[in-house]
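**Student:** One-letter residues, chain by chain:
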Amino acid sequence: MVSPTGDFDVARASDVLAAALDRPGGAAMVLGALGEIAGVQFEPEQPGKLFRRGAPARLTVGDWQFITSGPADVRVQVCHAVRGVALQTMTAGPAEASRRLAEELFALTDSGGSDAAMQTQAALYGIAAINEM
Amino acid sequence: MSQPLDEAATARLSQADKVFTSDLSIDEFLLLESVGFVPLGLVMGTSVYHIGWQPQRRQQSQELQVLTGAMYTARENAMGRMQAEADALQADGIVGVRLEWRGHGVSAEHIEFIAVGTAVRFTKSPGQFRRPDGRAFSSHLSGEDLYKLAKTGYAPVAFVLGNCVYHVAAQGFLQTMQQMGQNVEMPQWTQAYYDAREIAMSRMQAEAERDQATGVVGVSFVASEWVWGAHTMEFYVSGTAVRKIGDAEPITPTPVLAF
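Here the protein sequences come in this chain order: A and B. Per my numbering, the first sequence starts with residue 1, numbered consecutively. Per my numbering, the second sequence starts with residue 1001, numbered consecutively.
Since the hints were derived computationally from the structure, they do not count as laboratory data. Bear in mind that the values here come from a model prediction, so they are computed numbers and not experimental data. Misleading hints may appear alongside valid ones.
[What the hints assert, rightly or not] Cut-off 25 angstroms, straight-line C-alpha distance, at most; resulting in silico cross-link-like pairs (SDA-like, lysine to any residue):
1. B/K1151 / A/A11
2. B/K1148 / B/D1023
3. B/K1244 / A/D110
4. B/K1244 / A/R100
5. B/K1244 / A/V10
6. B/K1244 / A/A11
7. B/K1244 / A/G70
8. A/K49 / A/R83
9. B/K1244 / A/K49
10. B/K1244 / A/R99
[Stated by the list, open to error] Covered stretches of chain B, going by a simulated chain A footprint (3 or more residues, C-beta under 8 angstroms):
11. 1048 to 1060
12. 1205 to 1212
The beta carbon of each residue, even a glycine, is placed where N, CA and C say it ideally should be.
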């Protein structure tokens, strides 16, 4: 997802992510694939137990958290949390969520060094390949 | 993310094309009209909130995130409802936003936040002053300040705020004895107040960045004890996020001779 000028292509990354999020189970796949990037925090889905409530998968990139809404739900909970306090929480469709996610990935690659940039590119190309299957 | 409007608010706002209401002074009204803004109506949102409780360690300075979240949410609820009224009027912005509070009366832990402002439309080019996401801007700036801001080529984006509820550690008996009668700085209070204000500022700046603003003007600080006692305070900071939309026009003062 590199533009002709060699920069991170936010629009193209957003399109790839939106196409993946729009598939059933796509949100969990996208968050899991991006969870391997250095500087990103990923908490996998925790199934509920007798005395413990389950927790959906959660990806934290910068000040933004992306939380799955359910296996059949293509929407994603997008939360702007600064220093542990949620300033804004919204339920976003694939287009809106992917745009925010792409912007945060761009910010991460811009400041996170070559490792983060390479891992982001690898994850996005992997997601693009799954989209074409 | 526009919220559904209350029935009474819908009925009132439906009259806005017949008669406008505003809390603008005559000077503000005149100046705003001269740059192309007309008032549409007074818009308002409220939230009555119960301030919760969070365990705190007496000897530890730390942010109380549950309380910070509650105080933030109450204000955002009021602001969101005001914004929804402005969006229903298809306003380009809200000027003179005031975010105030009052005790609810039943209990000290109950407070009401109220956000009020005047919704305006930019008649010269409707939509030009809206936020990058297409919603009405909000600003705590007065009509006079907005007039001057427009002349500098900047547009308001959003009323932004940040807060932090912080518990300051109680100092030990030995330290209290050592500073008795002395001119001496109290480092844990200095550090705690400094940290809390910095956290509040960082949240306000994050809001401005999220709304694609390039700066924040008219920032003000408030520290309140609310109901938690002297060791736990809320630091609140607010301002108007702005972005550049054009070139500055030189302001030419007009000489006035008073007889």
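**Student:** Next, verify each hint and record whether it holds.
**Tutor:** Structure-based check of each hint:
Between B/K1151 and A/A11, the direct Cα distance comes to roughly 34 angstroms. Violation of the 25 angstroms bound is thereby established for this hinted pair. Note on B/K1148 and B/D1023: the hinted pairing holds, with a Cα-Cα distance of about 19 angstroms set against a maximum of 25 angstroms. With a CA separation close to 24 angstroms, the supplied pair B/K1244 and A/D110 stays within the 25 angstroms bound. A threshold of 25 angstroms between alpha carbons decides the hint, and for B/K1244 with A/R100 the separation of about 22 angstroms falls inside it, so the pair holds.
About 23 angstroms separates the Cα atoms of B/K1244 and A/V10, which keeps this hinted pair within 25 angstroms; it holds. For a cut-off of 25 angstroms, the pair hint linking B/K1244 to A/A11 stands: about 24 angstroms separates their Cα positions. Of the pairs offered as hints, the one joining B/K1244 and A/G70 is violated, with about 41 angstroms between alpha carbons and a cut-off of 25 angstroms exceeded. Among the hinted pairs, A/K49 with A/R83 is inconsistent with the structure: their alpha-carbon atoms are about 29 angstroms apart, more than 25 angstroms.
This hinted pair does not check out: B/K1244 and A/K49 have alpha carbons roughly 53 angstroms apart, beyond 25 angstroms. At most 25 angstroms may separate the alpha-carbon atoms for a hinted pair to count; B/K1244 and A/R99 meet this at roughly 23 angstroms. Chain A is given as covering the stretch 1048 to 1060 of chain B, and this is violated because 0 residues of the stretch bring a CB closer than 8 angstroms to a CB of that chain, at least three being needed. Judged by the Cβ-Cβ criterion of 8 angstroms, the stretch 1205 to 1212 of chain B is covered by chain A as claimed, because 3 of its residues qualify and three suffice.
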